[in-house]
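Undergrad: Here is what each chain is made of, one letter per residue.
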Amino acid sequence: MQGLIDALKEDGYRVIGPQVADGAVVYDELESLEQLPLGVIDEQDGGVYRLARRQDAGYFDHVVGPHSLKRYLFPPQETLQQLQLKDGGWRVEPQQFDEPPLAVIGPRSCDLHAMAIQDRVFLEGPYVDPGYRARREGLFVVSVQCRRAAATCFCHSMKTGPRADHGFDLALSELDDCFAIEVGSERGGRILAAVDGWKPGAPTIVDRANDQSSQLERSMEQRSTTEAAPGAPKLRQLDTQDLRDLLLNNLDHPRWEQVADRCLACANCTMVCPTCFCSSVSEVSDLTNEHVRRERTWTSCFTAEHSFLTSGVVRNSTAARYRQWLTHKLSTWIDQFDSSGCVGCGRCITWCPVGIDLTEEVAAIRETTK
Amino acid sequence: MSKISEQHATGSTSKPTLAVFKFASCYGCQLSLLDAEDELLAIAHQIEIAYFLEARTRALEGPYDIGLVEGSITTEHDAERIREIRRQCRFLVTIGACATAGGIQALRNWSDVGEFIQQVYATPGYISTLATSTAITDHVPVDFELRGCPINTAQLVELITSLLIGRTPRVPNYSVCIECKLRGTVCVAVAQGISCLGPVTQAGCGAICPSFNRECFGCYGPQELANVTSLCERYEERGEPRDHLVRLVRNFNGYAPAFRAAGDALEEESHG
Ligand code: SF4
Ligand code: SF4
Ligand code: SF4
Ligand code: SF4
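The listed protein sequences correspond, in order, to chains Y and A. Position in the first sequence counted from 1, then plus 155, gives you my numbering. Position in the second sequence counted from 1, then plus 660, gives you my numbering.
With the rest of the complex left out, here is chain Y:
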């Protein structure tokens, strides 16, 4: 592991990876193996995230935390352009993309699917985002194969995990006595060859790694037939059959008002969602009006500004905003990008201060339309 960090640094990458800070596993600069959250797991439920120590837990037995790749490829705040008033005209200062390339250790299968969705948003079609492209091209992904899922995970329902099969440069499976590493790209192979102390493993190791993933997948599949232990959080899953139409045919369902009684319109769900891509762009001038920056900031369909048109705010109630979020994520996203906007990572459930759970909301609507 240390060899891998060193090889990436040697190759000019800025390396980030999971570590414990402020009661959660977050991404931060990684220098050494010692910083990884060895022996730590995360227990997650609606509106609850707690770290716990577990004797047999390895370096990567936590799952997804509050951060995701989104922060790094599509930063929360970015200056897109700077303008300077010079001799009666505006001089445009071009955007510089000279940050060192980034290597991230830790993204899970759901995260890779989320990144693929954001790739579609920012890289496909006529308008390519230059900043995203520069950061994305430089990105080196060391994915981690989950061997444990949180109660809030439902990648098995969204067909986005738990096993990552593409979209990485390297993928790690943590076994009890070693790591199995799968190579996913040519540069992945090159970095791996430069890792001190790495040697090709026996086929049995590969089998053990695959078994581990299949075992997790089977146990997640069984969620539909097993009850959660008393007192333990509900194990999430989402019935995706005809989901697009289910929601679009129920735009006046009373459930939207019910969820709005609890929803705070605080936007945490959209901020932590690894696929949400909404931003607001504004021109910020200084007092002299001779220097203007065009700034892009994450925003959310839970804010008033998001639906502000010349006639005013279109979505004025929390019910309308929650419905916008869920129907976009699970229905109209499919029309727009040919895939669901949800990868089942469960972040929106965990980080909602009042624990609103989209799988429960969908189930409630489905229940009444049977």
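Honestly, the hints are just simulated from the structure, not real lab data. Because the structure is a prediction, the values reported are computed rather than measured. There is no bait here: all hints are sound.
Computed list of lysine to aspartate or glutamate pairs in EDC-like fashion (alpha-carbon distance at most 20 angstroms, straight line):
| # | chain 1 | residue 1 | chain 2 | residue 2 |
| --- | --- | --- | --- | --- |
| 1 | Y | K389 | A | E897 |
| 2 | Y | K314 | Y | D400 |
| 3 | A | K675 | Y | D441 |
| 4 | A | K675 | Y | E445 |
| 5 | A | K682 | A | E714 |
| 6 | A | K675 | A | E818 |
| 7 | Y | K164 | Y | E292 |
| 8 | A | K682 | A | E744 |
| 9 | Y | K314 | Y | E515 |
Since chain Y is already given, all that's left is putting chain A with the ligands on it; use the hints.
TA: Relative to chain Y, chain A with the ligands alone:
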């Protein structure tokens, strides 16, 4: 928003005029203007600071283009004075929690002020005060509210800049949680079980308190669609005593309508 610099309230100077007034308050918000060291000179270039007793002794007569009001209304005399100020200012902006919601001193609105006076002052007869501390908007129409305890200097500069150019100021009315997530702070409510007011509070501070592992105290008052009842129910369910919650919502902005209603409902439930 019309451009302030195009037609002035006064014909006498070439620059738009600014006046700063103080009511029941602590000076903190006015200091935020003086704190804008880098921008203050640029502001002074573009605006005539006509009346700002805390900064300069020279005071020009009104009317003024922009009036900034700090503090809440706590006396009969002040209630009269704000009406005169309203008449004098084309564009009236309240700055801070006191002017916008009554401030921390609005805690008196839930108590017996007469009793305080008897206990605190040697000669209670000298004290002339109202029973309540109320927001400026309860007395006169206000054109814009800058929230915060104290206000954010950058927002103040943004407001003045936008008034000069004639565009809408960029002062978001969404939750503190958005700022908290922008800076990448781990949510203290979810990861540590702390009762944080961020979800129902308007952004503006940059989510400072959660970044120091503390709850948001609601300095910027209720956000646009503040659902305080739902948040408090959640915190109560997970063990926060109701009287703590009442104290949490009755803070600097406790008398702002959304916080006031939630605090009163919590209190009623516990007595009822
Ligand atoms: S949703 Fe699936 S892939 Fe993502 S962390 Fe959970 S188990 Fe892993
Ligand atoms: S909607 Fe929720 S579960 Fe789905 S990808 Fe976004 S954060 Fe994850
Ligand atoms: S669903 Fe939860 S996180 Fe999302 S806006 Fe509503 S209360 Fe906030
Ligand atoms: S710490 Fe407070 S302000 Fe930050 S996201 Fe959590 S609830 Fe919102």
